[in-house]
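Chains as they are written, first to last, in our numbering: chain A, 1 to 281; chain B, 1 to 290.
Keep in mind that the hints were calculated from the coordinates and are not lab data.
The calculated label-pair distances, taken between Cβ atoms and stated as ranges, are: (1) A:267 to B:41: 24 to 34 angstroms; (2) B:139 to A:256: 40 to 50 angstroms; (3) A:262 to B:155: 32 to 42 angstroms; (4) A:211 to B:276: 45 to 55 angstroms; (5) B:226 to A:160: 37 to 47 angstroms; (6) A:69 to B:38: 40 to 50 angstroms; (7) A:108 to B:139: 29 to 39 angstroms.
What the simulated footprint calls covered on chain A by chain B, stretch by stretch (three residues with Cβ under 8 angstroms from a Cβ of chain B suffice, anywhere in the stretch; the number is not a length): (8) 36-46; (9) 53-62; (10) 67-81; (11) 193-202.
Short, incomplete list of chain B residues facing chain A, as computed with Cβ under 10 angstroms: (12) 39; (13) 46; (14) 53; (15) 58; (16) 61; (17) 63; (18) 64; (19) 72; (20) 76; (21) 86; (22) 89; (23) 207; (24) 212; (25) 219.
Ideal Cβ placement from N, Cα and C applies to all residues, glycine included.
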Amino acid sequence: MQTLSHPTPLSHARALWAITWKDWKHFWRYPLNVASYIFQPLVWLVPVYFMGQVFSVDGEARGFAGYSGSGDYMSFILLGTALNNFIFAVFWGMGYALKNDMDTGVLEANWLLPIPRLLLLVGHTFTNLITTALTSAAMLAIGALLFGFAPSGSVWPAVLTLLPMLIGLYGFGFAFAALVMILREANTLVDVSSFLVQIFSGANFPVTALPRWLLPLALALPLTYGFDAVRGWLLNTRTLLPLGVEAALLVAFMAVMLALGVGAFRALERRVRQLGTLGQH
Amino acid sequence: MTTTAPLSPSLSRPGLAAELRALWVIFKREWLIFRRYPSWIVALFIWPVIFPTAYIFSARALAGPDGGGLALFTQAAGTPDFIGYIAVGTTVWMWQNVTLWTIGLALRNEQTRGTLESNWLSPTWRFSFLMGAALVQGLQLAIFILVAGIEFWLLYGVRFHGHPLLILLVFLAAVPAIYGLGIAFASLVITSKEANNFVFLVRGLVMIFCGITFPVSVMPGWMQAIAAWLPPTYAIHGIRNASLNGADLAALLPDLIPLTVFGLGWLAIGYLAFVWMERRARQTGAIGQY
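Please construct the entire structure, taking both the sequences and the accompanying hints into account.
Have a look at this one:
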């Protein structure tokens with residue numbers, strides 16, 4: 001068969017479509033999970049909402065405004081949570097899908113396919129990104145009803161800012177997936193690293209609230225500027241740097257992370273093949 | 001002439017010693033599995049620090065650069081130590097969460113590994129399989145809480161003022177309720193063959209209603225009424241009162257009494273659910289299916 005012996009861009013596209021379609025069917029096969037994706041982040045926000053009420057006078061958190069330039073802490077956090085869902089999608093989409101393939105015993109068989117292995121990883125994120133967009137939109141809508149969500153800025157510049165951040169995240173994802181292959185355990189790794197990135201990139205609070213000794217860590221993470229810029233555009237919050245500078249940083253981050261991620265994946269994947277541990281879990 | 005070896009008394013007529021030996025073997029097996037995954041051990045040290053972090057820094061942000069909002073928190077919570085307040089609440093939540101994932105899924109994991117049916121054919125009290133998992137989880141939890149206390153003290157500067165025995169007493173009073181729920185949960189999961197969403201539901205209830213980061217009095221009345229039916233509400237309040245406010249035994253009784261009553265109730269529900277599930281499994285023959 002021609003596409004097997006001489007893979008073409010078209011055959012790669014068909015492979016991507018097949019992976020996406022398979023993941024899409026898996027996703028909708030468990031309808032309770034859909035509800036869970038929408039409501040779980042909201043559940044995590046309830047303690048923040050009531051805690052914010054404790055710190056507020058007439059519904060306005062004046063202390064919070066001192067850090068972010070806006071007393072509307074729930075819009076700040078809801079938007080951060082929605083963005084964070086996309087970060088999770090890339091982390092989970094590749095590292096965790098790889099672990100699933102290991103557990104179900106199909107990783108070795110998939111690895112023998114005549115398609116680039118990075119393509120297999122990318123394919124696993126497509127459905128995840130689509131479903132994340134859908135569930136995050138639903139989460140924001142319900143969150144707006146429960147807690148209030150009032151974006152007052154421009155949507156399109158925010159979306160344009162988001163794109164290089166997401167593409168750069170793929171670089172993270174590639175390196176991370178390779179690490180999962182070496183360590184053969186994904187849950188703790190995914191949970192802990194996602195959680196740390198969430199904390200230090202300011203998904204839930206302005207990073208300027210971090211203690212002085214932790215602030216450099218947050219400022220070293222490109223995602224911090226992504227969160228900050230998107231909020232700056234949508235909520236008119238006070239940003240760490242001018243919005244144009246933050247956008248340029250994100251584009252640079254995208255290029256560097258893609259190169260580093262691909263390099264790390266290739267090196268670690270080669271190591272796994274040398275060790276012969278691809279089928280172990 | 002052939003001779004048959006006499007049947008071991010513990011196999012033909014299992015006595016207390018045989019049951020204890022079986023329990024010990026189950027305990028050893030669960031401990032061995034736990035040790036086999038170093039990342040699980042690392043998690044015991046990492047989660048106590050990082051889980052409350054997001055809430056702690058959110059509280060810092062809400063307090064403002066000059067700490068102006070702190071007076072409002074002190075007025076509502078009865079303590080200015082918002083870090084200790086959150087640390088205690090999130091620790092109890094993590095305890096309930098880990099119990100659901102470990103004890104709640106102990107039988108389910110055996111089912112998916114394909115060992116449940118063969119283990120249940122052994123002449124052992126079947127409840128021992130859950131008890132063994134509960135004992136290992138109890139040991140892990142003791143390590144977890146000790147590590148959490150040390151880490152909160154070292155990294156967050158939390159100072160516990162209460163009497164250690166009173167703090168321990170509240171923890172012990174919470175054990176039956178939290179483990180009873182886990183045991184009931186294990187039976188539900190094995191019957192429904194679905195775990196994740198049930199865990200999310202139960203831990204979500206604790207997160208929403210039990211005041212892990214805020215005083216329950218901030219919630220609307222109908223939410224407070226639901227919170228009054230959830231044992232972690234009393235566990236969180238009692239441990240905070242004992243450890244942060246230095247409350248004496250008399251001040252802790254309003255939390256200890258409902259915790260004990262709920263504990264007895266949940267243990268009974270857990271055991272009855274197990275017995276029901278065991279009988280149903282034998283009737284339907286579906287114990288090995290997943």
